[in-house]
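Asker: Combine the two chains into a complex, taking the hints into account.
Spelled out from the first residue to the last, the chains are:
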Amino acid sequence: MQASIPSIVGQMIVFIAFVLFTMKFVWPPITAAMEARRQRIADGLAAAERGAKALQDASSKSDQALAEARTQAQDILSAANKQASQIVEQAKGTAQQEADRIVAKAQDDVGREVARAREELRKQVGELAVIGASKILKREIDAKAHADVLSDLAARV
Amino acid sequence: MSAWHIDTLIISTLLGLAFLTLFRIAAVRATEGVPGKLQNFVEILVEFVDNSVKDSFHGNRAFIAPLALTIFCWVFLWNCMDLLPVDGIPLLWAQIYGAMGHDPAHAYIRVVPSADMSATFALSISVFILIFVYSFKGKGVKGFTVEFLTHPFGAKLLPANVILNTVEYLAKPMSLALRLFGNLYAGELIFILIALLPWWAQIIPGLGWAIFHILVVTLQSFIFMTLTIVYLSMAYEHH
Chain A
0 MQASIPSIVG QMIVFIAFVL FTMKFVWPPI TAAMEARRQR IADGLAAAER GAKALQDASS
60 KSDQALAEAR TQAQDILSAA NKQASQIVEQ AKGTAQQEAD RIVAKAQDDV GREVARAREE
120 LRKQVGELAV IGASKILKRE IDAKAHADVL SDLAARV
Chain B
0 MSAWHIDTLI ISTLLGLAFL TLFRIAAVRA TEGVPGKLQN FVEILVEFVD NSVKDSFHGN
60 RAFIAPLALT IFCWVFLWNC MDLLPVDGIP LLWAQIYGAM GHDPAHAYIR VVPSADMSAT
120 FALSISVFIL IFVYSFKGKG VKGFTVEFLT HPFGAKLLPA NVILNTVEYL AKPMSLALRL
180 FGNLYAGELI FILIALLPWW AQIIPGLGWA IFHILVVTLQ SFIFMTLTIV YLSMAYEHH
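Top line first, the protein sequences correspond to chains A and B. Going left to right, the first sequence walks through residues 0 to 156 as numbering that gives the first Met the number 0 numbers them. Going left to right, the second sequence walks through residues 0 to 238 as numbering that gives the first Met the number 0 numbers them.
Calculated directly from the structure, the hints in this document are not laboratory data. In this text the structure is predicted, and so the values were computed from the model without any measurement. Be aware that a few hints might be false.
Claimed, not checked - Below, simulated SDA-like cross-link-like pairs (lysine to any residue); rule was C-alpha separation at most 20 Å, straight line:
no.: 1; chain 1: B; residue 1: Lys136; chain 2: A; residue 2: Leu19
no.: 2; chain 1: B; residue 1: Lys136; chain 2: B; residue 2: Tyr168
no.: 3; chain 1: A; residue 1: Lys23; chain 2: B; residue 2: Gly58
no.: 4; chain 1: A; residue 1: Lys23; chain 2: B; residue 2: Tyr107
no.: 5; chain 1: B; residue 1: Lys36; chain 2: A; residue 2: Ala35
no.: 6; chain 1: A; residue 1: Lys23; chain 2: B; residue 2: Leu44
no.: 7; chain 1: B; residue 1: Lys36; chain 2: B; residue 2: Phe62
no.: 8; chain 1: B; residue 1: Lys53; chain 2: A; residue 2: Pro28
no.: 9; chain 1: B; residue 1: Lys138; chain 2: B; residue 2: Ala234
no.: 10; chain 1: A; residue 1: Lys23; chain 2: B; residue 2: Ala234
no.: 11; chain 1: A; residue 1: Lys23; chain 2: B; residue 2: Tyr168
no.: 12; chain 1: B; residue 1: Lys136; chain 2: A; residue 2: Ile15
Okay, chain B solo, but in the shape it has when bound (with noise of 0.2 Å):
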């Protein structure tokens, strides 16, 4: 597609609307007397975000937690997608590009927002200025300078320290974006090999796999949310 990557951005942005939409009628009707069934799934979910976020990160939590959630929901959703059948909506969408007078055969979409390096890209950059923002909130501006330049060998060998600092600063948010990434975008094409297969031998591989990927699902979307909590205290938090 264009380089815009409308199809990322759409999805992932609809996905995000449904997770907000759930969770803010959640909020509206959230009562302290007896929960019903949705607040009881939203409080969960609030209350293990709030306890992960709790354990690492000592401060005020009024931003973090928040972020937290919505990282760990939209990245779930994100990831969801690639349990739908992986041609179903391509098809769908090369008859619609069809219909609009356009050639079918240059109909591109990519239904798994994870599996697309712009999105874990996006996440994972927003990330890596918070990053800086914390660090400038707990230590101060000059506290992270001076630690940036002297922290793991002292002041006297400040370019090695600058060059390994740079180095760590970096490798956050590349292994962020790139684990995800990684992680879905494999699957996304174990899923398309799976479906190149007669479809009498999809069956047993297809279902092991989905299977399987309500694993990745969860475990990506906790790891996402889990590592950027623990940049964002080591960040904020003195050595």
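Pulled out of the complex, with its shape left as it was, chain A reads as follows (with noise of 0.2 Å):
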């Protein structure tokens, strides 16, 4: 048993010359594409990621927008809310104004109306008590001598 120096040249010959074989047309293409695997894995998580992140700030995002409209819509609600019950009130107030105003001119009318049905009535009654009087009597009477009796007359009716 024993080594022998040309078998063992001769191996390290075979032997650099297969180092040299996979260093040049073995290794650098496996690991270039394990690289390249690596990096499309790598991209790919990172896209993920940038993916979820804008999906996060979509959302909430769009949590802000719907609470923002929500207020806004309270607050259209409450200042159309307002502006009805004001403009009820003043429909109210313009309304009680004029029934007023209608109650006090139909008074007005009817106390005038009143005034000169009366007055009316009692220039009538003079005029009937006048004639009335001059038919009792028979006679001509001076309308003048009596007027105030007939005025007195009159205002007591």
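Answerer: Given below as structure tokens:
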């Protein structure tokens, strides 16, 4: 059992050739493919992370917008309510005023009419009394002389 | 056989070519997309070797990593040859040798290249040369010489340093080669001893030894690769 120098040298040459072959033609393509895949996976993961973050952003933004819209709607609603009640109040006031005015006018009219009617009646009663008195007395009466008596009479009607 | 150990040379070269062919096919077909089964297998090995190198060697791995891969796979295939039936190929070779008109009794063939010191020393001497190459690359010729002359004990004990370093450097290729050779040679020897038993007594010990040798085969190739990396990184880096 011994090693032989020529055999060792031959083996070494073969070994060096194999190593060089591996170095040139085996190692680089395989590691390049592995590295490229690693890069792709890393890119994919990064993209997924970005997507998740964007989704989160969008959802928080939409939540914010929703809350804003809700408060705005609330504001608008309360403003509208306020305005409506104001309008109703105003309308009520106007109507009351109008009613009061109409009532007052009507009362005014009625009072005036009553006064006019009373005046008319007074006149007519006066004339009637004069006519009646003249007819009763069947003689010419000095209207002037009895006018104060007549007007006193008329005022009592 | 002759001084040339043609059997070891041819078998180891064939095994190496098998390794290179397989890996070259995988390299040509390598895709960065979903890898196939062959590519997966090759990538696992490549990554495993690359990580082993990365752990101890901190420099450009463009040469060392392929070197480690070649050593691991090649030695692994060498060692795997001892799992073949121990008499099978020699018997076949004796038939061929006889058919060629020679005396079949003189047909010797060694199937396991790592059970031949020529093969293991060829590897370890190559590594030995690379140790110097990497020492010069990492430290420069001057740095290497200074370290060689003064390293463990300082400049005053120069002869002691030289003796110690010489022994240390020589021990590296010797231990690398003899460890692999010893393990596989002894393994083959046990297989031969088992083969001498009657057939019914061979089954259990043969099975047990073969299963144990699956471990030895892998372990020895891994040790050879790892020690190569460690030696080269020790040579490359400053202490």
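Asker: Does each hint hold? Answer for all of them.
Answerer: Hints versus structure:
no. : hint                  : verdict
1   : Lys136(B) x Leu19(A)  : 19 Å, holds
2   : Lys136(B) x Tyr168(B) : 17 Å, holds
3   : Lys23(A) x Gly58(B)   : 18 Å, holds
4   : Lys23(A) x Tyr107(B)  : 36 Å, violated
5   : Lys36(B) x Ala35(A)   : 18 Å, holds
6   : Lys23(A) x Leu44(B)   : 17 Å, holds
7   : Lys36(B) x Phe62(B)   : 26 Å, violated
8   : Lys53(B) x Pro28(A)   : 19 Å, holds
9   : Lys138(B) x Ala234(B) : 8 Å, holds
10  : Lys23(A) x Ala234(B)  : 24 Å, violated
11  : Lys23(A) x Tyr168(B)  : 30 Å, violated
12  : Lys136(B) x Ile15(A)  : 19 Å, holds
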